[in-house]
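Q: One line per chain: the protein sequences are A and B, in this order. Those letters in the first sequence? Residues 1 to 258, by the working numbering. Those letters in the second sequence? Residues 1001 to 1637, by the working numbering.
Treat the hints with care, since some could be wrong.
DSS-like, lysine-lysine: derived pairs with alpha carbons at most 25 Å apart [as the list claims (entries may be wrong)]:
id	chain 1	residue 1	chain 2	residue 2
1	B	K1506	B	K1546
2	B	K1506	A	K46
3	A	K46	B	K1484
4	A	K2	B	K1546
5	A	K14	B	K1506
6	B	K1252	A	K46
7	A	K46	B	K1215
8	B	K1484	B	K1495
9	B	K1495	B	K1184
Only some residues are given here: those of chain A computed to face chain B with a beta carbon under 8 Å [unchecked claim]:
id	residue
10	D25
11	S28
12	I42
13	N47
14	D50
15	D55
16	C58
17	G61
18	D121
19	T131
20	P147
21	R195
22	R215
23	Y240
24	L241
25	L245
I should point out that these hints are in silico values taken from the structure, not numbers from a laboratory. The beta carbon of each residue, even a glycine, is placed where N, CA and C say it ideally should be.
This is what each chain is made of:
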Amino acid sequence: MKFNIKVWRQANSKDSGKFESYTVDNISGDTSFLEMLDALNIQLTKNGGDPVAFDSDCREGVCGMCSMVIDGQAHGPKPATTTCQLYMRHFQDGAEITVEPWRATAFPVVRDLVVDRSAFDRIMQAGGYVTVHSGPKPEPNSIPIEPEVAEEALDAASCIGCGACVAACPNASAMLYTSAKVSHLGLLPQGDPERKHRVLSMVEQMEGEGFGSCRNYGECEAQCPKEISIKFIGMLNREYLQANLLDQANPRGKMSPQ
Amino acid sequence: MKLESKTPDAPLDEMWSTHREHLRLVGPRNRSRYRVIVVGTGLAGASAASSMAAMGYKVDSFCFQDSPRRAHSIAAQGGINGAKNYRNDGDSVYRLFYDTQKGGDFRAREGNVWRLAEVSTNIIDQAVAQGVPFAREYGGMLANRSFGGVLVERTFYCRGETGQQLLLGACSALAQQTRAGNVKMHTRCELLDIIVIDGRARGIITRDLVTGEIKSHSAHAVVLASGGYSNVYYLSTNAKGCNVTATWRAYKKGAGFANPCFNQIHPTAIPASGEYQSKLTLMSESLRNDGRIWVPRHEGETRDPNSIPEDDRLYYLEERYPRFGNLVPRDVASRNAKDVCDQGLGVGPNGRGVFLDFRDAIKEHGHDTIAARYENLFEMYSRITGESPWDRPMRIFPAPHYTMGGLWVDYNLMTTVPGLFAIGESNFSDHGANRLGASAMMQCLADGYFIIPVTIGDYLSRHETDDVSGHPALQDGVLKAQQKVDQLLAINGTKAVEDIHRRLGKLMWDECGIIRSKTGLDHALEELPKLRDEFWNDVRVAGTGKQLNQSLEHAGRLADFLEFSEVMCRDALARDESCGCHLREEHQTPEGEALRDDESCANVSVWEYQGENNTPALHHEALHYNELQPTQRNYKT
């Protein structure tokens, strides 16, 4: 197969960037989208050009590293699929394919298709955890958890943190990402003691990073490669409301000197 | 090189507790005066960094990805072992120890293996407390499944994404410690070298992958959790970025490299399809619980697999190993797959594949049960191949997956360089010549949550909290690393890094893969220097060193693989026996099984660097069997 690739080239975060077009030929349908870009890069290298920078690591759909908008859709046209698991058999022979980075204020472009998603990590650092030290812990079966609840928590925890939800959202909102973690831990008994602090702190961080508000477009769910449900945004809103209504006293308290 | 294993002198089942009770401690007030570098944020690195930070040590954590959560532990699918005996099927610490030792073909230290089995139960408790949503039964209790090579059900899982959930658990603890200021996270930052001052590891040199800045970082101890080296084969189940650089640099600074030829080839990956194939995707081994493996009984079979009658199907594992059937250990399954393909019975492109068939399991258990167990794996398979396992058997083929070899460490997980520790896949310690399924995550988390946080204190407590950040060795390290980067950029030849890596991979797969022979290894050792010369004379690394430059990153990693591969072949040649994953053509039983030589090879081979262009020195650590006498592995009866 043969493709015309129109790809975003940008030297660094200060460069304004522009599209460049290239042709790649002799690509089999069983080649993944990233392998097609590898082929393009080998071609560019051999012809004295500069290869296209793009993020990828596991190439099996779970690390969340690959991040590109293909023909206007985050991770391309196939639902529930990351770019690394998108295959060229899903494109027409001879097609022109447009490839861009995630576009969001909170995700500045580093180079070409590579963006800086550290804002996501800071949201996680703001409360996406249960405070436990390493060491002996209670016997897990002493706290039974209904399988349906565990499964729903796992549905939320399956988020790979790729940022497609932000790229897909007209408002570049990070609500789906944030809500997935708030819901995962909120559903489980282990996450209960810190639930108020978690939702308030994570939402505060999210807003501070410059992500937009959720306006219920639903594009995040539609383009999420892991099909994280938008219902978790509802859960986050409920958690947030409850946390705001309830007592705001510092739950951690202070130890007074003796 | 002195190889003191420091295995405590105590009965096996009291070894770890006795050892822990006698280790020196650093008091809580003093811990913040010690700085520890942790390289890598997979299960071992993230759990070690977060655990040590929570104790009060100041930790610098490094990963080359843009976020710690993306380390390749995330892709582990099947599950994690824990000797909980929830199923009441006779499991115990002893039995997990036994299975690991037997699976590893008696090439691991008994003391280490026992400790691993012992702390396995704590890991499950720890993960659940962090909010890892393991599968549950109707009554709310944790569920278990069985895994290759064992006769009990002790594997805990989260669908097919156990590694993801365990890593997110460890990374959540890391995130908390980052926010608390105890961990300084360095993302998109790659290790280029290790700094040894006065015989102790005191820091590392890194390249900021975004700005290209080469910098030194000093500390009181360095912990490597940098994973394995399966990418020496180019095509493997590892992530694209996985590399040998950190452990190789450690080796060149005096750390012994143990058993580099022990590489596990995983039996159930999706076969390669074309020339641009960039990696192999693993299908969880748990599929072997219900799937039946077969090939057509006769060469030249052209019928659709579904219309091949039972008599014309060769269920070769079930026929050859009636007791374990499709659940034989990984090396046995891989070797047999290669064997039937070599006989011309393979299926799919180039005949390099065998069927993994769910037809009978669907008939027996029903669609819903099978879907509950494997649906996401089935989806993954159809996404990649365009074929549905519901309609036709999957095609699978072995792929390089996990490396049991790694830096030699003592019982405290310290390498032969004082102050340099290695944990998780980057060390050699617990899996012998072959790793049991669902034990990789267990070992990473055992090392990170429970072992290194304690043993590192013993080392640190013996040393001052001095600051060496101004030491000339650090500036010198920066300079040397810069020179190497400049050298790579200056070659300006005609070949892409990818091309040479692919050729290295093919050579290693052919000569140092599933089956090795003296002739093949000699051939590889002849070819490798030529390939290395070609790389250093004719590769083209585009761009500059002052920017994000992925060709440069890859070139640096490949340069190290090209050196490392030689030691790997030397090790395969020196190990004149077959054991576990390492099958030497010259040493097989009449039935084609691995033939160990316990007389002269019951040891760990450890390689010591002797300087550029010199043959490395080989040392041995003898293995002692007090609890379990080595037996010929037999999965047939």
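Q: Can you name, in rising order, the numbers of the hints this structure does not satisfy?
A: 1, 4, 5, 6, 7, 9, 10, 13, 21, 22, 23, 24, 25
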